[in-house]
Amino acid sequence: MRSALALVLVVVLAALMMAGVSQLPPPGEADQAVHRHVAANYLADGVEEGGTGNRVTAVLLDYRALDTYGEVVVIFAALIAVLLVRSAGGPRTQPPPRRVPVSPVVDQVIRLMTPFIALFALFMIIEGHVLPGGGFQGGVVLGALMILLSLALGPDRLRGALHTGALFWLRAVAPLAFTVSALAGLGLVGWWFALPEPGWMREFALVLLELAIGFGGAAALTGFFLSLEEDIHR
Amino acid sequence: MSAAVHLLPLSVVLPITAGVLAPALFHRRHNACSWWAITAAALTLATTLTLVSEALDGGLVRYPVGGWPAPYGIELVFDGLGILMGSAAGLLTLLILIASRAFVQTEATPQRHSLFHGLVLINLGGMNGFLAASDLFNLFVFMEVFSISAYALVALARGPVAALAALKYLIVGAVSSMLVLLAIALLHAQTGSLNMSDIGDRLAAAQAPAAAGLALGCLVVGFLVKAAVFPLHFWLPDAHASAPSPVSALLSGLVVKMGIVGLIRTRMLFAEADIFSLVALDLLLVWLGVAAIVIGAVLAMIQRELKLMLAYSTVTNMGYIALGLGLATPAAVGGALAHMGFHALIKTGLFLSAGALVLSTGLSRIDDLRGLAQRMPVSSAALTLALLAVAGLPPTAGFVGKWQIALGALEAGQPWLIAVVMSGALLTLAWAIRIINSLYFLPPARGQVLTADEAPLSIRAPILMLGLVAMVGGLAGAMVLEWIEPLSFRILEAGHGH
Amino acid sequence: MVVLFAVGLYIVLTSQNLLKKIIGLNIMETSVFGLIVTSGMVDGGSPPLLGRGLEAPYASPVTHALVLTGIVVALSVTALALVLIVRVKRECGSIELDELLEPEE
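Top to bottom, those sequences are chains A, B and C. Start counting the first sequence at 70; every next residue gets the next number (the working numbering). Start counting the second sequence at 2; every next residue gets the next number (the working numbering). Start counting the third sequence at -8; every next residue gets the next number (the working numbering).
Source of the hints: derived by calculation from the structure; they are not laboratory data. Some clues are possibly wrong.
Examples of chain C residues lying across from chain B (beta carbon under 8 angstroms, computed) [as the list claims (entries may be wrong)]:
hint	residue
1	19
2	20
3	26
4	71
Note that CB positions come from ideal geometry on N, CA and C, so glycine has one too.
All chains should be modelled from the sequences, with the hints used to inform the complete structure.
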């Protein structure tokens, strides 16, 4: 009964959405509003404006830096939210599930691949403002690497690696870097979130921001994984 | 342009940065954390109040972030909504933080204090950003900032009930967020812009009324969910009643109002685009408002738990606000906006003082709390004042909005709506009197009531202040209505100017 | 895109399993991201990297930035939801809604 009702609702909604979406300009044609208006300006501005030739990075870290600030705040908020709501040590109704040991093949492969993955992640983060990639993407790779490592070596090795206080600083590094950059913009250029003026300083700021986003993102991913793991197993 | 405009981004960055630093600085020193958060909230309030005086002097405060002019960059705008809700958000968060010292010590382990304070500050920054956003995607980002902290704060309370309520809130909230994002995608695909007034200017040229209508529908439904307007209120009672009391105050007082803010922004965007008449939307708001007022009040009346009653009362009051907006006359819109601000004050006072009673006794049912006024005179008095205000007796703060909305109903030529406004107020008064009666005039039924201690000063001071403000707030009604007049004028002008 | 959105919404509405609801939510999110990226693409276009010898037309950089932000938000919400589900499972022993709501109440 309930599911039939939901089905009717969803079908009606889908029909409405189909009507709306099919009226959108067809994708792929270069002379539509999407490409002619704001985006065209970003592309016409040239390499100097917005700090970098990679326009996606320019949009993220310069034109729409406030959005990206909000974004790293969302990750950070989610991370402390996870730490706040989890039930670590709380009551449980069933015994925890057993950990499945990792096979030696997987273990060896992870150990073998670690330096390469780490190198690739760093490359994505540092070169992200010129080439495709960037802090978020590199951070995800780095975070995935940490999760792999915790599977191979056991989560406790990873957990013990950093002091709790230091860990909180690492997790907070992305929003804090943005605050610093925003203040630097206010001091040097006169606008919150503006990138500083000479080209080399701007590039320096971009790389620092990307590094902060990358490491902060990796720390957040690892934090999500470790707290889930802890909640499930003890 | 005076230097004060630079304070606008500060009102967002300051609380968020303080919130981000809190866990790193205070993961060991739990008591200092509370002072840190209170200081940060007070500074944010000072920032917002400076902006308010700036905006009252010279109209809107605009700020192109990064120096990029809209629509290429993100512009922040501090307008009437900022004056009204920004100052309410700053003030109420500050009072809630002061009062929450006692609550958090019983609800959460010491390790979580810094996390709690961090999230409350991030929530404040998110709301300030949301209020100032003039860019649709920026609006979405800040909506997520305050939503995600709100989901988590609900689950701060112990026990599976709170976890389930938070999960329900999260799922419903995430679906509504996705509707908003879908609408942003539709509008961006048509206009190539994300700035709201720029979209409004360009939407007609896109000549895709169905796509624009779909975007409008998605935005309206998405924000109605966030605002918990009937019948999309189903997540609210669980979440607001099972959360710790300061969090209930924060959610019921401030966070649901943000949905209305989003609704107002949506209406202004589409009124500017002027591609189709918004009469249907207004009519929808009127009917939903009427239903919410009556059903919310009836449901509040049949509850037995104090906090559930208050949660359903939020449903009623969101109905009043929706009704006022839907009537779309100067008096009604002004009334709706004033009620948004005043209800935030009243509801915060209600939840904090009710929370004080629940905290001291460990009991949550009205019948169990009988006779508590003798042991807890201050908290009971504060609760009583706020209850009278929420029922809308003159000259309380709750009276202004309802009176204006009733006037608006006359203006709109729909006098029968006055009966709805009145009946909502009377039903509310009925259950309010039931609570007051139990507290003051019935003999105690439970042992905990006889041994309960009055709440500590950190709770008594804020709730007494809120209760008094709620009681006499109506006297300041004319002033507040004057402040928000330009805003209600803009909302209406956008609708009929073309 | 519409189909994906509808499927996701249907799962969110009807599934009794909390985990499946979250999966449904993610399907919905993916459909919206798909729509955003598609609206910014250009046939035969190149990635929006200036100064690298790539020829116009470029794909729109704005939509890419939007999707990146959207994905991050979705990931954060999902992570929080998963932790809440684990807590419900620990404290109630089940993540099926019909089982959770039956006893007492």
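Now for the hints, and whether the structure bears them out:
1. 19: 5 angstroms, holds
2. 20: With a minimum Cβ separation of about 6 angstroms from chain B (threshold 8 angstroms), the hint on residue 20 of chain C holds.
3. 26: 5 angstroms, holds
4. 71: Since chain B brings a Cβ to about 6 angstroms from residue 71 of chain C, closer than 8 angstroms, the hint holds.
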